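Spelled out from the first residue to the last, the chains are:
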Amino acid sequence: RKEVEQDPGPFNVPEGATVAFNCTYSNSASQSFFWYRQDCRKEPKLLMSVYSSGNEDGRFTAQLNRASQYISLLIRDSKLSDSATYLCVVNVDGGFKTIFGAGTRLFVKA
Amino acid sequence: NAGVTQTPKFQVLKTGQSMTLQCAQDMNHNSMYWYRQDPGMGLRLIYYSASEGTTDKGEVPNGYNVSRLNKREFSLRLESAAPSQTSVYFCASSENGYEQYFGPGTRLTVT
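Read top to bottom, the protein sequences are chains G and E.
Numbering (our numbering) for the first sequence: 1 to 110.
Numbering (our numbering) for the second sequence: 1 to 111.
Calculated directly from the structure, the hints in this document are not laboratory data.
Small disclaimer: the values here were computed from a predicted structure and weren't measured.
Below, in silico cross-link-like pairs of lysine to aspartate or glutamate (EDC-like), each with a Cα-Cα straight-line distance of 20 Å or less:
#1 G:K45 with E:E95
#2 G:K42 with E:E99
#3 G:K42 with E:D38
#4 G:K109 with G:D39
#5 G:K2 with E:D38
Excised from the complex, chain G in its bound form:
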């Protein structure tokens, strides 16, 4: 079993749709959690950190459930520019050992 597992995708949604991505992690000692975005043939870039209380950044909402070892990302009012791969990321070992999920591909259509 992979340490971090994500919905395989791809997700194909129309502009304006709401889409949710899920991620589960296996190491209960995981300490911090993130969502990164990666455009085709580019480097990953931090989208947002994920806090235990849940957090929101504009159209993006992230949730963490430590008991279920589950992380989610909700994108509201999808834009064409949201088309990318979304990577779930977990840190262990004092934050220095980083495990990436394989990513979920999103296509937003006009």
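Got chain G; can you put chain E on it based on the hints?
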């Protein structure tokens, strides 16, 4: 402020050849990382350096060596390249071991 830079951008090697991938950051970050990314596999951590003078193995260290030359620079060496090392290699840096900033990547093909 260039962030994280990597050289070269592209490289083709023959099996058995050696090469060093260079990475530098100008953000005065303590931690640096090397990843490889293969289709369908996500990014996998090869080695990391929590601070200047230290290096540790990640998930897939076999076939690689690293050097943390100073606080700015972290190099990755392939001593004897194999076709299984064909991949995209990303370097990253972080102030505190959490949020990471990535370089543009090196696309390596081993024939």
